[in-house]
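S.K.: Protein chains in written order, with this note's numbering: chain S, 2 to 248; chain V, 2 to 248; chain X, 2 to 248; chain L, 2 to 248.
Hints may contain errors.
The list treats identical chains as one, so a pair stands whether inside a single copy or across any two.
[What the hints assert, rightly or not] No farther apart than 27 Å at their CA atoms in a straight line, the calculated lysine-lysine pairs in the DSSO-like style are these:
no., residue 1, residue 2
1, Lys206, Lys27
2, Lys199, Lys179
3, Lys156, Lys22
4, Lys52, Lys248
5, Lys179, Lys13
6, Lys199, Lys13
7, Lys248, Lys126
8, Lys199, Lys172
9, Lys172, Lys126
10, Lys126, Lys27
11, Lys51, Lys22
12, Lys54, Lys206
13, Lys13, Lys248
Note that these hints are calculated values from the structure, not bench results.
4 protein chains.
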Amino acid sequence: MAEWCLLIIDNKSYLINLDLKIVEIKGFGNFPTNFLKEQEIGVEFELFDKKSKLLPYNLTDIQANLWRGPQIISPKDIAWLVYSSNLKSGDIVVEAGGGSGALTTALGQTIFPDGKVITFEKNSKHVEIIKKNLNMSPYSELIELRSEELNDDTKPIVCNSIILDLPEPQKIINWAVKSLELGGKILCYVPTINQVEKLLVSLDKWSQIEISESIHRTWQSRLSAIRPDTNLIGHTGFIVSARLLNK
Amino acid sequence: MAEWCLLIIDNKSYLINLDLKIVEIKGFGNFPTNFLKEQEIGVEFELFDKKSKLLPYNLTDIQANLWRGPQIISPKDIAWLVYSSNLKSGDIVVEAGGGSGALTTALGQTIFPDGKVITFEKNSKHVEIIKKNLNMSPYSELIELRSEELNDDTKPIVCNSIILDLPEPQKIINWAVKSLELGGKILCYVPTINQVEKLLVSLDKWSQIEISESIHRTWQSRLSAIRPDTNLIGHTGFIVSARLLNK
Amino acid sequence: MAEWCLLIIDNKSYLINLDLKIVEIKGFGNFPTNFLKEQEIGVEFELFDKKSKLLPYNLTDIQANLWRGPQIISPKDIAWLVYSSNLKSGDIVVEAGGGSGALTTALGQTIFPDGKVITFEKNSKHVEIIKKNLNMSPYSELIELRSEELNDDTKPIVCNSIILDLPEPQKIINWAVKSLELGGKILCYVPTINQVEKLLVSLDKWSQIEISESIHRTWQSRLSAIRPDTNLIGHTGFIVSARLLNK
Amino acid sequence: MAEWCLLIIDNKSYLINLDLKIVEIKGFGNFPTNFLKEQEIGVEFELFDKKSKLLPYNLTDIQANLWRGPQIISPKDIAWLVYSSNLKSGDIVVEAGGGSGALTTALGQTIFPDGKVITFEKNSKHVEIIKKNLNMSPYSELIELRSEELNDDTKPIVCNSIILDLPEPQKIINWAVKSLELGGKILCYVPTINQVEKLLVSLDKWSQIEISESIHRTWQSRLSAIRPDTNLIGHTGFIVSARLLNK
Numbered sequence: 002m003a004e005w006c007l008l009i010i011d012n013k014s015y016l017i018n019l020d021l022k023i024v025e026i027k028g029f030g031n032f033p034t035n036f037l038k039e040q041e042i043g044v045e046f047e048l049f050d051k052k053s054k055l056l057p058y059n060l061t062d063i064q065a066n067l068w069r070g071p072q073i074i075s076p077k078d079i080a081w082l083v084y085s086s087n088l089k090s091g092d093i094v095v096e097a098g099g100g101s102g103a104l105t106t107a108l109g110q111t112i113f114p115d116g117k118v119i120t121f122e123k124n125s126k127h128v129e130i131i132k133k134n135l136n137m138s139p140y141s142e143l144i145e146l147r148s149e150e151l152n153d154d155t156k157p158i159v160c161n162s163i164i165l166d167l168p169e170p171q172k173i174i175n176w177a178v179k180s181l182e183l184g185g186k187i188l189c190y191v192p193t194i195n196q197v198e199k200l201l202v203s204l205d206k207w208s209q210i211e212i213s214e215s216i217h218r219t220w221q222s223r224l225s226a227i228r229p230d231t232n233l234i235g236h237t238g239f240i241v242s243a244r245l246l247n248k
Numbered sequence: 002m003a004e005w006c007l008l009i010i011d012n013k014s015y016l017i018n019l020d021l022k023i024v025e026i027k028g029f030g031n032f033p034t035n036f037l038k039e040q041e042i043g044v045e046f047e048l049f050d051k052k053s054k055l056l057p058y059n060l061t062d063i064q065a066n067l068w069r070g071p072q073i074i075s076p077k078d079i080a081w082l083v084y085s086s087n088l089k090s091g092d093i094v095v096e097a098g099g100g101s102g103a104l105t106t107a108l109g110q111t112i113f114p115d116g117k118v119i120t121f122e123k124n125s126k127h128v129e130i131i132k133k134n135l136n137m138s139p140y141s142e143l144i145e146l147r148s149e150e151l152n153d154d155t156k157p158i159v160c161n162s163i164i165l166d167l168p169e170p171q172k173i174i175n176w177a178v179k180s181l182e183l184g185g186k187i188l189c190y191v192p193t194i195n196q197v198e199k200l201l202v203s204l205d206k207w208s209q210i211e212i213s214e215s216i217h218r219t220w221q222s223r224l225s226a227i228r229p230d231t232n233l234i235g236h237t238g239f240i241v242s243a244r245l246l247n248k
Numbered sequence: 002m003a004e005w006c007l008l009i010i011d012n013k014s015y016l017i018n019l020d021l022k023i024v025e026i027k028g029f030g031n032f033p034t035n036f037l038k039e040q041e042i043g044v045e046f047e048l049f050d051k052k053s054k055l056l057p058y059n060l061t062d063i064q065a066n067l068w069r070g071p072q073i074i075s076p077k078d079i080a081w082l083v084y085s086s087n088l089k090s091g092d093i094v095v096e097a098g099g100g101s102g103a104l105t106t107a108l109g110q111t112i113f114p115d116g117k118v119i120t121f122e123k124n125s126k127h128v129e130i131i132k133k134n135l136n137m138s139p140y141s142e143l144i145e146l147r148s149e150e151l152n153d154d155t156k157p158i159v160c161n162s163i164i165l166d167l168p169e170p171q172k173i174i175n176w177a178v179k180s181l182e183l184g185g186k187i188l189c190y191v192p193t194i195n196q197v198e199k200l201l202v203s204l205d206k207w208s209q210i211e212i213s214e215s216i217h218r219t220w221q222s223r224l225s226a227i228r229p230d231t232n233l234i235g236h237t238g239f240i241v242s243a244r245l246l247n248k
Numbered sequence: 002m003a004e005w006c007l008l009i010i011d012n013k014s015y016l017i018n019l020d021l022k023i024v025e026i027k028g029f030g031n032f033p034t035n036f037l038k039e040q041e042i043g044v045e046f047e048l049f050d051k052k053s054k055l056l057p058y059n060l061t062d063i064q065a066n067l068w069r070g071p072q073i074i075s076p077k078d079i080a081w082l083v084y085s086s087n088l089k090s091g092d093i094v095v096e097a098g099g100g101s102g103a104l105t106t107a108l109g110q111t112i113f114p115d116g117k118v119i120t121f122e123k124n125s126k127h128v129e130i131i132k133k134n135l136n137m138s139p140y141s142e143l144i145e146l147r148s149e150e151l152n153d154d155t156k157p158i159v160c161n162s163i164i165l166d167l168p169e170p171q172k173i174i175n176w177a178v179k180s181l182e183l184g185g186k187i188l189c190y191v192p193t194i195n196q197v198e199k200l201l202v203s204l205d206k207w208s209q210i211e212i213s214e215s216i217h218r219t220w221q222s223r224l225s226a227i228r229p230d231t232n233l234i235g236h237t238g239f240i241v242s243a244r245l246l247n248k
């Protein structure tokens, strides 16, 4: 397993792999890791004439350093999906499609250390990106990545929650009823209202149906000019969730 | 430990305590639990002439049934606080003040099954409400509730994250530097911009300072009249977070 | 025509009709107007032992004092409807339905002093409310109030803009093509996405189609506690507009 | 005065000046106006092998074609400033600074045909841009453009409303009290909360103080994929308004 670490140079942070002989540090170029391996976590040293140190990394660092392929689910939506899924350590969750693995990694952390994330991704290019991204997280062993489409013929998987980032999630609803534990939730992430409508039709036997969208507004933190940031992501997707209270 | 359960009557859900002899079911009145204890989880029976069943409960059920005392941190803010805290199973988190225990419960689930939440709450009435609320969750043993004020004289607590819902969080920043592990985050939840300003001044040596606010917009799910809900919580609080990269 | 005036008592304002012998002043009870008629505009006098004065009133005062019947179009939406209609002094605008007359009054001010507002309202109770509300504005003579339904059989009216607050605005589109001047705009105010969809289908020959919604966020102005207001109107309606470039 | 016209080619619109011998049409290159001058308003002809026609233009066309210099006040904010200013045909309004003239033009239309807009702009480069922009509107004769700073020494101007887009509007408040008619409003457009705070201090004797911000959310209008647009302007400025009820 790769030994990743957060390298701080002048208060900026870089996620790097100490298993490699040479790492690329954005803005500084390539650098041999030998020197870094000798440093103690949290103790300052000099690098490129700047104050530097190694620190443990966390989920935010991983997310910020993901290899980009298909559109990544934004942090605001990951936060709400994870929270409202009710998942916790030890749980089993099914996810489809895997995309770039951003949500996958967050789910891995949520069910850590002994739950399971089963991720379906039919696009082989995306599968490669997910693999690369999982390799830089401590959660890769908790994730079962299936290079196939999740569809109605897929063998049911007993699970606590199902999270779908698919163009036609309504096609998975029957499968979800067979797989999901009573009391569990399905969450679907869809960009258009047309998709929401089709999905609603298929959820007529489900309970606690909720449609929501999150707007996460960031502010400029300069003391003399406190103001909301100019650029705001106006829309990513609607999150439709429902709970299974009857089979 | 109380044996709580989710009772479903006609697709509506009620969180009830099976340890009691008689429970009050909103809209139906008091009811002896003997009959309920004989039912199997997930198997339908009749109650008040309606289809009913018992199900496992989850965090959402707990949050929806909390005893209300001081203002509860809203789900949208809990979701973001938990996500951006980077907390996971096994971690240690300090929270002050505890309020009604809504965030406390969510943190308990996050660090479950072997982490620790240390919650400071100086108001004895709030402490009683938190206790009542923790009693209806499986996380109460993971939470150390301290009926005291967190202040600069409090003995440092080694922890992975600190979450403050206090009027003057800037007074805790020195203590936070002593307590927080390198790489960890402090998150402060404050309603006014004036508080944000005072807090920013005290964070000058911290990194990755972020100010944000979440707007969670819910939609009506009636198929023939899909529209955003009329009522929206326009503001709860700003979340200011910062990361400790130097001591 | 009624002689309305803005009465200021202790910095609070009350729109009153000096033509009446006795007026009711909220919080102070009934009061004869004789004394008020003797006062000069802008010159302070004492009323109920408080500093008082008479001032000219404006559109905001009228809007704040409207008799309430059917749902009133909110100021944020009136502002956008008026602005994006491109209407100006001397123009002719058709409005249906009239509702409570809030938008009617604003349109009257926009085309003042020599344009025309033609307002259709089929509900006779609403017509009475609109009349009462127009009576307290200087624009009533510019408004032609028709107690009838606007429909495809209505004789075309040459106009610069058409504004529809109707459940099925798509039924008026043919009529609008016959009535609207080339280059003019139609604006429809509808609460649900279902209505937006039906409307879009009917607008396929129109240009510059725009769908938007306005969120107007008000802030608390107390210097020591500057923050957005807690309550926010999350949704009133979508505004769909289109421009007629071909007949 | 320039004779501007809206040229429609294939449902796209271009604001052009028929007084010039040759006009540049975006995407089509230069074109002599002789041919265009022979066309009748609203009657179709062929241009570049496409269906074309000339139409009367409106405020939206002008705004969309403004010469860009300093940051332009966005349509959502112009809409609210104009509406809540309570201005109408025949009124007098003072504006400072003029910026690029976007608000100036909208104010011109509001007080048309016999009111007055007095616009202060101290930056000579901006003055040139405003002049160019006013030249393509029918309102230029209603606007008095002063190439000077509005400050406390400026001779008072009796007016119905004052609109300030200045970094330090609090410096103009004394002047505003001398100039504004009783019952009139001042509106200030400021980007940061720090400016809002300073302004609030200076408004302590004013009434009906309001702070607000507008979020205008546009939607994609493709029938098969109805959804909010991805990009949203998250913040432009706060609008602080106050009414003068005492001198």
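S.K.: At most 27 Å between CA atoms: does that hold for Lys13 and Lys248 within a copy, between copies, both, or neither?
M.R.: Between. Shortest inter-copy distance 15 Å satisfies the 27 Å Cα cut-off; intra-copy 51 Å does not.
S.K.: Can you give me the call for Lys126 and Lys27, within, between, both or neither, at a CA distance of at most 27 Å?
M.R.: Classified as within: same-chain Cα gap 25 Å, cross-chain 40 Å, threshold 27 Å.
S.K.: My question is about Lys54 and Lys206: at a cut-off of 27 Å on alpha-carbon distance, are they close within one copy, between copies, both, or neither?
M.R.: between (55 Å within a copy, 16 Å between copies)
S.K.: At most 27 Å between C-alpha atoms: does Lys199 with Lys179 qualify within a copy, between copies, both, or neither?
M.R.: within (20 Å within a copy, 36 Å between copies)
S.K.: Using 27 Å as the alpha carbon limit, work out where Lys199 and Lys172 are close: within a copy, between copies, both or neither.
M.R.: both (10 Å within a copy, 26 Å between copies)
S.K.: When Cα atoms must be at most 27 Å apart, do Lys172 and Lys126 count as within-copy, between-copy, both, or neither?
M.R.: So Lys172 and Lys126 pass the 27 Å test inside one copy only (23 Å; across, 49 Å).
S.K.: Tell me, please, which holds for Lys206 and Lys27 at an alpha-carbon limit of 27 Å: within, between, both or neither?
M.R.: between (51 Å within a copy, 23 Å between copies)
S.K.: How do Lys51 and Lys22 come out at 27 Å by Cα distance, when the copy is not named: within, between, both, or neither?
M.R.: For Lys51 and Lys22, the Cα distance is within 27 Å only inside one copy (22 Å; across copies 63 Å).
S.K.: Which holds for Lys248 with Lys126 at a C-alpha limit of 27 Å: within a copy, between copies, both or neither?
M.R.: neither (36 Å within a copy, 43 Å between copies)
S.K.: Given a CA cutoff of 27 Å, do Lys52 and Lys248 count as a within-copy pair, a between-copy pair, both, or neither?
M.R.: For Lys52 and Lys248, only the inter-copy Cα distance (13 Å) is at most 27 Å; the intra-copy one is 60 Å.
S.K.: From the Cα coordinates, with 27 Å as the cut-off, is the pair Lys199 and Lys13 best called within, between, both, or neither?
M.R.: Intra 45 Å, inter 24 Å, cutoff 27 Å: inter-copy only.
S.K.: Taking 27 Å as the upper bound on the Cα-Cα distance, should Lys156 and Lys22 be classified as within, between, both, or neither?
M.R.: Classified as neither: same-chain Cα gap 43 Å, cross-chain 43 Å, threshold 27 Å.
Going down the numbered hints, you'll see the structure goes against 3 and 7, while the others check out.
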